[in-house]
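Peer 1: If you're matching them up, the sequences are chains A and B in order. With my numbering as the guide, the letters of the first sequence map in order to residues 1 to 245. With my numbering as the guide, the letters of the second sequence map in order to residues 1 to 227.
Hint data in this document are derived by calculation from the structure and do not stem from the laboratory. Quick caveat, the model's predicted, so the values are computed rather than measured. Any given hint might turn out to be false.
[As the list claims (entries may be wrong)] Calculated lysine-lysine pairs in the DSS-like style (CA-CA distance at most 27 Å, straight line):
| no. | chain 1 | residue 1 | chain 2 | residue 2 |
| --- | --- | --- | --- | --- |
| 1 | A | K88 | A | K102 |
| 2 | A | K56 | A | K126 |
| 3 | A | K196 | A | K244 |
| 4 | A | K102 | B | K104 |
| 5 | A | K56 | A | K105 |
| 6 | B | K104 | A | K36 |
| 7 | A | K45 | B | K104 |
| 8 | A | K34 | B | K19 |
| 9 | A | K211 | A | K223 |
| 10 | A | K36 | A | K88 |
| 11 | B | K104 | A | K136 |
| 12 | A | K73 | A | K126 |
| 13 | A | K65 | B | K104 |
| 14 | A | K105 | B | K104 |
| 15 | A | K163 | B | K104 |
| 16 | B | K104 | A | K56 |
[Unchecked claim] Stretch by stretch, here's where chain B covers chain A in the computed footprint (C-beta under 8 Å, at least three residues):
| no. | region |
| --- | --- |
| 17 | 129-138 |
| 18 | 158-171 |
| 19 | 182-196 |
For glycine and all other residues, C-beta sits at the position ideal for the given N, C-alpha and C.
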Amino acid sequence: MALNKESNGYTFGFAITLVVVVGTILALLSMGLKDKQEQNDVVKKKMDILKAMLPKAEGDNISRKNADAQFDKYINLEDALVLNYEGKVVEGVDPFEVDIRKEYKDKTLAETKRNYPLFVGKRNGKTVYIAPIVGKGLWGPIWGNFSIGEDMRTITGASFGHKGETPGLGAEITQAFFVDRWINETISDENGVATKFEIVKDGSGASKPQKVDGITGGTITSKGVEEMTNRCMEVYAAYFKTLKN
Amino acid sequence: MSEVAVKTKEPKEPLFSKKNRKLITDPLTDNNPVTVQVLGICSALAITVQVMQGVVMGLSVIFVTVMGNLVISMLRNYIPSKIRIIVQLVIAASLVIIVNEVLKAYVPDVSEKLSVFVGLIITNCIIMGRFEAFAMANKPWPSALDGLGNGLGYAGLLIIVAIFRELFGSGTLLGYEIFGNYITGSGLYSIGYVNNNMMILPPMALIIVGIIIWIQRSRNKDLIETH
Numbered sequence: 001m002a003l004n005k006e007s008n009g010y011t012f013g014f015a016i017t018l019v020v021v022v023g024t025i026l027a028l029l030s031m032g033l034k035d036k037q038e039q040n041d042v043v044k045k046k047m048d049i050l051k052a053m054l055p056k057a058e059g060d061n062i063s064r065k066n067a068d069a070q071f072d073k074y075i076n077l078e079d080a081l082v083l084n085y086e087g088k089v090v091e092g093v094d095p096f097e098v099d100i101r102k103e104y105k106d107k108t109l110a111e112t113k114r115n116y117p118l119f120v121g122k123r124n125g126k127t128v129y130i131a132p133i134v135g136k137g138l139w140g141p142i143w144g145n146f147s148i149g150e151d152m153r154t155i156t157g158a159s160f161g162h163k164g165e166t167p168g169l170g171a172e173i174t175q176a177f178f179v180d181r182w183i184n185e186t187i188s189d190e191n192g193v194a195t196k197f198e199i200v201k202d203g204s205g206a207s208k209p210q211k212v213d214g215i216t217g218g219t220i221t222s223k224g225v226e227e228m229t230n231r232c233m234e235v236y237a238a239y240f241k242t243l244k245n
Numbered sequence: 001m002s003e004v005a006v007k008t009k010e011p012k013e014p015l016f017s018k019k020n021r022k023l024i025t026d027p028l029t030d031n032n033p034v035t036v037q038v039l040g041i042c043s044a045l046a047i048t049v050q051v052m053q054g055v056v057m058g059l060s061v062i063f064v065t066v067m068g069n070l071v072i073s074m075l076r077n078y079i080p081s082k083i084r085i086i087v088q089l090v091i092a093a094s095l096v097i098i099v100n101e102v103l104k105a106y107v108p109d110v111s112e113k114l115s116v117f118v119g120l121i122i123t124n125c126i127i128m129g130r131f132e133a134f135a136m137a138n139k140p141w142p143s144a145l146d147g148l149g150n151g152l153g154y155a156g157l158l159i160i161v162a163i164f165r166e167l168f169g170s171g172t173l174l175g176y177e178i179f180g181n182y183i184t185g186s187g188l189y190s191i192g193y194v195n196n197n198m199m200i201l202p203p204m205a206l207i208i209v210g211i212i213i214w215i216q217r218s219r220n221k222d223l224i225e226t227h
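Please build the complete structure, drawing on both the sequences and the hints.
Peer 2: Here it is, written out as structure tokens:
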């Protein structure tokens with residue numbers, strides 16, 4: 001071949017060709033799969049909400065296949081609403097379309113401008129409120145949903161998710177053993193004033209109110225859960241207080 | 001570099017000749033990428049807390065080493081030597097992204113499990129090591145076998161380390177309770193056994209890998225460096 005492979009021209013040519021080819025493949029792939037991935041995200045959101053709301057045995061039966069039907073069965077999106085940071089209802093925003101993770105990440109959006117969606121479901125004739133929360137763990141965002149019982153203060157269920165916490169350590173927040181530690185904790189006192197949670201290391205979480213045992217080796221992620229819970233639940237507690245009065 | 005090797009006409013050899021079989025078996029034993037070449041240690045520390053994670057990571061790395069070695073080997077005569085490392089990196093990264101995007105669309109549950117590994121796969125030194133040391137100088141078929149062998153060698157070690165860490169750190173294997181339930185205190189826990197929390201922290205992975213290296217080298221003296 002007449003081509004001089006050590007020449008700068010060849011090197012540049014090769015680099016440019018490679019980047020264009022790889023870039024095109026990746027761009028086409030990303031565009032082609034986007035719709036499917038977004039659908040998956042919507043289903044996942046419904047699954048997370050249902051898992052927080054339903055008892056574990058029923059929650060485990062929620063799969064990607066039946067999530068849509070189950071979601072429609074338990075949750076009426078017309079009852080859902082959006083709150084502002086003070087816990088007042090905001091009109092004209094679709095609760096299901098609010099992307100709290102995107103809002104949390106958006107540094108240009110003031111904290112007071114964030115939306116706090118609240119979903120209302122019914123199970124066995126009882127009202128359940130589902131409050132999504134978002135915060136940050138060790139490596140990236142973490143999020144979750146708390147379901148609040150009819151008394152508007154007791155946590156009846158939860159689900160957590162994360163983008164990339166350490167497997168086996170921080171990533172354990174999604175496991176049932178950690179999620180169950182939140183059940184029966186209360187987000188506010190009898191007068192509806194928000195109360196803070198604390199993640200503890202000494203194992204006293206099970207016996208003491210407002211204290212939850214953290215995860216060994218996952219301290220920063222556990223603390224992240226504490227922070228996001230306290231910050232977000234304050235808003236919901238404020239809203240529930242206005243409902244009670 | 002590879003020019004000379006390519007021009008000498010080799011006699012046609014069967015697909016699974018002795019030499020080719022060695023490409024797969026060597027990395028499993030005397031030329032293990034982790035214990036002998038000491039590559040890929042960082043990810044071995046990070047994701048051996050549970051066996052399942054080790055399996056998933058192992059499979060992902062096998063895929064990338066095989067496909068990457070194949071692609072690099074096919075391009076080996078066209079890649080300019082000045083920028084070969086970056087070309088290898090681009091190919092490894094693209095493969096990983098392609099896999100991740102496809103998984104996200106069609107098997108989202110697996111993709112969630114893989115989330116954090118994706119970055120770790122790209123930075124795994126075994127992949128770049130095999131691209132540079134083997135695929136750049138060999139034909140596609142032996143390169144693919146070499147990728148498979150090294151991927152398997154890596155996966156095997158991850159799983160061995162993970163078995164120790166999950167069993168003694170959490171008392172489970174693949175999530176099944178082996179020693180009883182820690183929280184309710186059944187099984188071994190009822191007679192005072194406790195999980196070793198040190199096991200689930202990264203340093204123990206290094207210590208276990210060290211012990212494996214020690215055992216391997218005491219059985220095969222050829223592996224001991226003299227300098």
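Peer 1: Look at each hint and say if it fits the structure.
Peer 2: We went through each hint and held it up to the structure:
| no. | hint | in the structure |
| --- | --- | --- |
| 1 | K88(A) with K102(A) | 21 Å, holds |
| 2 | K56(A) with K126(A) | 17 Å, holds |
| 3 | K196(A) with K244(A) | 20 Å, holds |
| 4 | K102(A) with K104(B) | 19 Å, holds |
| 5 | K56(A) with K105(A) | 30 Å, violated |
| 6 | K104(B) with K36(A) | 9 Å, holds |
| 7 | K45(A) with K104(B) | 15 Å, holds |
| 8 | K34(A) with K19(B) | 44 Å, violated |
| 9 | K211(A) with K223(A) | 12 Å, holds |
| 10 | K36(A) with K88(A) | 35 Å, violated |
| 11 | K104(B) with K136(A) | 22 Å, holds |
| 12 | K73(A) with K126(A) | 14 Å, holds |
| 13 | K65(A) with K104(B) | 16 Å, holds |
| 14 | K105(A) with K104(B) | 21 Å, holds |
| 15 | K163(A) with K104(B) | 13 Å, holds |
| 16 | K104(B) with K56(A) | 26 Å, holds |
| 17 | 129-138 | violated (count 0) |
| 18 | 158-171 | holds (count 8) |
| 19 | 182-196 | violated (count 0) |
Violated hints, in rising order: 5, 8, 10, 17, 19; the structure is consistent with all others.
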